[in-house]
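**Student:** Residues per chain are reported as follows:
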Amino acid sequence: MMSTSFALQHKKNRLYYALLAGAGLVVLLALYAVSLMEEEGHIITGMNNQIVWGMPHVFAIFLIVAASGVLNVASIGSVFGKAIYKARAPLAGLLSIAMLSGGLAVLMLDLGRPERFMLPALDFNITSVFAWNTVLYSGMFGLVIAYLWSMMEKRMNVYSKPLGVAVFAWRFVLTTGTGLIFAFLTAREAYGSAVLPPMFIVMSFAWGMAVFHIVQMVIYAWNDKELEPEILERKKRLLGIFVLGSLYMVVAYHMTNLYFAHRMGFERFILLDGGVYPALFWWGYVLIGNVLPLALIFLPGMKTRKSAMLASLAVVLGGFAFLYVFIIGGQAYPLNLFPGYQVSSTFGDGQIGSYTPSIYEILLGFGGLAIAFIITTVSVHVLNFMPHDKSYIAD
Amino acid sequence: MSDVQRRNFLKTSVGVAAVAIAPGLLLFKVAHGQSDDDSKVRWGMLIDTSNCAEGCNECVKACNKENGLSGGLAPTDSQWIRKIEIKDVSTGHQFALPMMCQHCAEPPCVDVCPTGASFKRYDGIVLVDKHRCIGCRYCMMACPYKARSFVHAPLHDQNPDVPRGKGTVESCTMCVHRVDEGKQPACAEACPNKSILFGNLHDPNSEIAKKIRAVASTQVRADLNLNTGVRYQGI
Amino acid sequence: MSVPGVRLLLLLLISLCIPNVWADQALPYKIDIGRGGHCVRDPVWMRKNHMHLLIHQRDLTVREGKRDKEIDLRNCIECHASTKDDSVIARSDSFCVACHRYEAVKIDCFECHSGIRKSAWLERNAK
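So the sequences go chain by chain: A, B and C. No gaps in the numbering here: position 290 of the first sequence is 290 in our numbering, and each next residue is one more. No gaps in the numbering here: position 142 of the second sequence is 142 in our numbering, and each next residue is one more. No gaps in the numbering here: position 9 of the third sequence is 9 in our numbering, and each next residue is one more.
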């Protein structure tokens, strides 16, 4: 008995280091890609003067938005005092920091001059929502770390509640800031809409919750523990509600666009005849990202644990599909300089922009995921982030 | 409430109100005020599209030569000025015009730039300070005219007067190095039909100011209210 | 470690931070000063402070359009580019490279700026 459990432990240890090494390798590959991008320029990516933001931004924005949304778990615990969420607040905080680190690393390493990444802090342009975001991101880092400290150190426990409230407020502003990056682009038909910040906030709930589910289930399985089915069921339903909420926001966004005659062309492109973009939207975002998880969550007779895992994975995949369509499809549709006229030029006026992501930018994106993975895995391994539930009482 | 209390209360409220309003005012000032309407110089252009021949590319060639652009047409190549061929679908009317940075008085690129690398000079010329540009490309997202290019590959043997480099964003500088020497931008000088009139919009006696008063001119995407320095005649 | 040991170590570390150009003597490496002649300031002062002049003038020029014929990178290059290849960066003993390589300070100018004498560049590119 003793020896088998020891052997199992030994095996797990080896698996742990193997996983870390694997993730480390991905990070190294990403850094290699970055050094090539530094050497040769962005010419080796698929990005160009029409599609200026590509795959790295899809990964970075997913990670940053999910990093904000995952804190929802902590907020429900601290701000609204629900016990099962309180027990999960430390893990949520950790995931937030991990994903924020991954996302920001991708964003910075994609810059044309990454060595100057500190410049926004030195030459702060007050009208730039990008510059505001640098403050929001660094503030979020500091706040979440303080919040984690207040939860894990007994003497700091008294500050846990106010810090929880601060984090709660901060992440709303942060995701608003992320949405505003696009909302302020008045000239582009895909963006320039006041619905984007709230849309990003509701999406962050769904994506963050999905990531949290995945990590939690893996941690429980790793430690041979079983999550109480009541808890899982409740959280699964919450994910379902967030998915429905974000779907509603996306529908509202497209409906308002459809109502504006001058944006019909864009909507036709993105929903109907834009090739890869409508395909990704309908198959990737709507079917995998919404219909599938909603069915898994709300249809009766679904095995709780497996369906929760599958639903969460589907939500994450759907999130990536949505961002690809939103960011890259939104830029592929040409700017309309002369509404009502047909235009052509050597610089892509009146033409759909083409974009094929290169291996280097995809590596960079996965590097961000790997950074988040390493931070999470190492922290869970050395510190106590495992949720501790008292026997479940409905609150 | 005693007098002292009342006084303290008033003081605090005024303080709080000031702190609450100040950033807003500052933002408003930055976003809307500070236009250099009182500056003596605002360089601008008036482009006569009725004179601009379809198929003629002299302004583009002159720009490429002056600024050391390769002239390549790949989506990753820089194009500071381009000819757009325009057709009114409902009437069949066809014409062409050169499109470049419109040197807005309220430039969106300057608003969004996180480091202040995009900036507007006192004389209205909108430039990228490549010493500060981090290559985030947010200005390219914000520009309604697709006027900006990102340098995608290392450059060699640049014109000593026109520094350009990999990893930064660039666009039409209105040939600032020539303008500062009292010369015309290369495109204006090269146009065989003299369709590009360059001058000081704020000098009531300049040729461009007189002409802009006399003829109907248009701003491209005037709906965005950016007050462009480049205006078109005959659209 | 003993107190004098720590002091010695600190002293060594600090002395490592002092650039060699501060030493007011002949340079310990080969350098091609181009045409040379009268500089805009005293050469010893320039060795220490040229970057401050350049940065100050750079902001004035780019952001305010105040151009100074004297403190102009092109003017520096006009004099200091090698008479052999018209460049301040082409070889390991070129004017900028020789010093910067010795001090291990990266030059961040010539990714964008031309390192070639303008008169020579114009001659080459005149068509």
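Check each hint, because a few of them may be wrong.
Non-contacting residues of chain B with respect to chain C, defined by C-beta distances greater than 10 Å in every case (computed) [said to hold, decoys possible]: (1) Arg-121; (2) Val-176; (3) Gln-184.
Covered by chain C, according to a simulated footprint, are these stretches of chain B (three or more residues, beta-carbon under 8 Å) [stated by the list, open to error]: (4) 158-165; (5) 209-215.
Honestly, the hints are just simulated from the structure, not real lab data. Backbone N, C-alpha and C define an ideal beta-carbon position, used for all residues, glycine too.
**Student:** Are there hints from earlier that the structure breaks, and if so, what are their numbers?
**Tutor:** 1, 2, 5
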